[in-house]
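Residue numbers (the numbering used here), protein chains in the order written: chain Z, 1 to 279; chain F, 1001 to 1893.
Just so you know, the hints here were simulated from the structure itself, not pulled from any lab data.
Be aware that a few hints might be false.
From the structure, some residues in chain F lie toward chain Z, with a derived Cβ separation under 10 Å [stated by the list, open to error]: (1) 1038; (2) 1039; (3) 1630.
All values derive from a computational prediction rather than experimental measurement.
We put the beta carbon where it would ideally sit given N, CA and C, even for glycine.
Each chain is listed here by its residues.
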Amino acid sequence: MPQSARLEALALAGDLPGVLLDARRLAAAAPGFHGRRTAGQGEAFWQYRDHRAEDGARLVDWRRSARGDRYYVREREREAAQTAWFWLDPDPGFNWSADPKRVTKLRRARTIALALAILLQRGGERVGALGCQPRAGANAVLRLAHDLQGKVSDADAPANACIIFCSDFYAPIETWRARLTAAATAGASGALVMVADPAEEDFPFEGRTLFQSPGSRVEALIGRAETARDLYAERLAAHRHAIRELGARLGFPAVLHRTDHSAAPTLALLAALISERFA
Amino acid sequence: MTIGPILFGAPWALVALAALPALWWLLRATPPPPQRAAFPPARLLQGLHTEEQSRERAPLWLVLFRALAATLLILAFARPSLAPTAAEAADGGRTLIVIDDGWTSAPFWSDTRTTALAAVARAERANAPVFVLLTAPANPARDPGEALTASGARSLMQRLEPKPWRPDRADAARRLAQTQGEFARIVWISDGLEDSGAQALAAELQRRGPVTAHLPARTAYALVSGAVTPNGVEATAIRANSGEGAAAIAAETLEGRSLGAAELRFSGDGRSASARIELPPEIAARTARVRIVGEQSAGAVRLLPAGAARPFVGLVDQGGEGQLLVSELYYADRALQPYASLLRGSIGELIDARAQALILPDSSRIAPTDRSALERWLDNGGLLVRFAGPRLANDSDDLLPVRLRPGSRSLGGALAWENQLSIAPFPIDSPFAGLTPPQDVVARQQVLAEPASLEQARVWATLSDNSPLVTAAPHGRGLVVLFHVSAGPAWSDLPLSGLFVDMLRRSLAFAGRADGAGERDISGGPFTPTRLMDGFGALNAPPADAEPIAAERFTTARSSPATPPGMYERAGVSAAIDAAQANEMLAPLQLPAGVTRAGLRSTIERPMAGYFFGAAAVLLALDLLIALFLMGRLPRMPNFAPFARRAAPLVLLLLLMAAPDARAQARDDPTLNLHLAYVRTGDARIDRNSAEGLDALTQMLIDRTSVEPGAPVGVDLARDDLSPYPFLYWPAPNTPTRLSDAALANLDRYLAIGGMLFVDTRDAGRSGGGARPAATMLAGLDAPPLQQVTSEHVVARAFYLLRSFPGRTQSTQLWAESPDAASSRDGVAALFVGDGDWASAWANGASLAGGARQRELSLRFGVNMVMVALTGNYKADQVHIPALLERMGEERR
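Okay, chain Z solo, but in the shape it has when bound (with noise of 0.2 Å):
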């Protein structure tokens, strides 16, 4: 076991393996993906068929042939390994939390990805943090990991892409308006992960309060936070369904998911939407 020991280990030393290994446990319980295990273009071997009529004479393998009376082909296993790329919202206010004791948003989301990478890479798929590279194998999922944690470019999306977008989506719908358009030209598609804290979600708020967006200036002030709970509501659905109706219009289903909520759900739901596009 000395790659699930140098994790444990790595667990100590700092967030990063952490979250991998958060990933691992979620994914350990997904329903996950039945690969293409089909023949197909590839590289590697998948199984010897008998000859038909159709094959030629080209395609016989005549290493098995020569061993018995009848005529083999060679057929390799299908190969269309696709690349899914992830980006988390950078914004100081998705790193963040009511509660010091539940888990950021940003870490959830890094928990999901992690998790649906896993998945991915276990059904023969690239995975890669948007801006850098893609892999694939076994250290693929350790290598993102290690990309996500660093810093978040916001590259150009490849052509043809499936890209996971996870974010709170609290940034103007102009924002999203722009980066999901110029993604969908270029021919990508995708999710778009919506991770929200509960305090987020039931403004438990009472009394004078200024709020401030962390990392920002963006402040407000209310008089009566127990008054404004019920059109903070109406303008956080709005703008919530913005999002869906962009997302939804350009290839990019919305998942909605708590913090305090189990991301098992999510998760699943999330590989169903996935598996869809690399079926």
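Following the hints, put chain F in place on chain Z, whose structure we already have.
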């Protein structure tokens, strides 16, 4: 202004209470700052206006809280005080305050003063003039007819101190009777004790107005006797009231140092109690006063003048003293031991030690250097007590009160005309007056004065034939006293008698006085005060105008303004006047009917502004916390736990570091264990070599002998104390230099006190007769002559039997201090000089031409050296063993 029992000193401040509603409105209108919340979707809230925004108010409870704080602050500024009697109708008439200001009021003087101040305050509110009658006599006495303003009366009360004598109420009544007018109110702040004039005063007071008498809860105690007995210090106290009571008495020196204490227990209705403080006689003799502990009054102190003085006396020891009982100083020493601090030494030493008096036994001329110092010391007020003897009789100097006739007069001997003479009664003007000379004390020999010179001197004591026994004469501001007999029992019985002790003590009363011993002091005269007691029983220096008291009045003097209590002195003898008489009577005061009784402090105003300010401050501090809480700035409590967890080990560590490391100190003290030492030459290679060599030798000693030294120590000749090291190895540096003066002195001292220095020139086998390192190394040292060490020397026998002393080379040369030079140390050599480079041979892993055998022999030599250093010539007789064996063999044959 009063409201109920509360009196306001500055009632105008209460006007500010009218501003409270405005404050209310202001507080209500200024809400606390909003709480802050981090909230990423804050953008969604922008522009959101709730209807209640403009109606935001501070919460009601907060406004109430702040209004309360403001009210308290305003009330505090109005200087409120709790005065239960302030509500009484303040009568506008004249107020007379009568105060018993004797020592009998001193134990509760602050209560007395507070009560008086309260009476003044009450008169002030009524705008009434105040008259004050003080019952204790004073000089000049206060006129009770003088009207005082309230502030004048207040400052008088604040300055008023109890007198160290009792009130004279009859005189007070007389003084009051001489004034005119009725009083609207008379406040008598009494000591609660009866005296002969109490009834007269009470009658006079009642005649002049309504009287309220303030009596203390417990009246004063008095100490009526105190004496030093063979078993300690005894004292008797009396009191006026009955009931169980206990107090403690303490014996103290003049400086107030406590010598001992004992419990004083009054039985149920007993009016007096005695106690004894158990003290050894020499300690008891130092008692200058006894007092009742905790009773701050002059009457609770008893002065014991005899113990007041404990001079610092030097006994001039001329050396060469023989046996104890014939030693002359022995008798003076024993006589003065309980009464003086004694020090023996030469005249110069004793004067340097600031002795107040010198006792000089029989001596001929004083050395010229001592003589000038002695004269200077005498001029500054020293006391020199000299004794006669054969040497003085033979050849006298002139530091004497009288000129002596040469030779001495022998009385009652076989060849003498006269019989032995006893001591005549002391003249009345002598400091010894009052002592009775026992008839069995006789003088057998004396020195005689030239009759003419007796005119200038005082004769303090004579023999029965009128020949002087003790004479004294001033010298500058000092005094020279001569006993015409010897300090030992050779010439008279005086040193064997108790009279000797008293005579010496009275002589020593003249010791070390700044004003010297004038003619008046010697001949008597009035008693002059040295320390005077105040009403609280403290002894102070007398004021400049303190009057001396004539001797005839002194014996009957009782404490009064003309004869204040304290320590007095006359003719070198201390005496005392006590505040309480020996026959002092204390009885409870009997008040006639019609006098209102009250306790002390019953009319006290208790200022409360402090409490109000305190409460307001607490509320404001709470308000600060509340404001912080409302702003959300208070740290959360759970956050302290991790901090504490982190801090705890740190605190523990700090505590551990602070704990003194006793073991480290013990390790650093070289005297606790034996260490071999080597001299640090400054050459790192040689020093390392020395350390390794001595280390191996130390190991060898531990393995094979009972000597178990600690790790070797390198020393610096110039700086380190060499005395802890019995064995010092000094390898020659490559270029030897001459030692510094400090190092030479250190090394000389080391050799003188018995250290052993082993100098190793390290040049064995090296050819060339160039510079000899040892000559340079030892230059300037008080080096003894050396001789070559042979196998006959004790070094060759001390532990192992050695024939040679191999070092790094097989053949070495070793020199040692010759036994003749070391004769003062019984022939034990303190200095060894050799050339074997032994440290190199001793060191572990030394490669020697002779192999392991050579190293073994070399180490054996090292062991022998250490043994010589530790045991000296203990094994020297080993040298003679062959001869002894041979002789024994011969005998057997």
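Evaluation of the provided hints:
no., hint, verdict
1, 1038, "holds, 5 Å"
2, 1039, "holds, 4 Å"
3, 1630, "holds, 9 Å"
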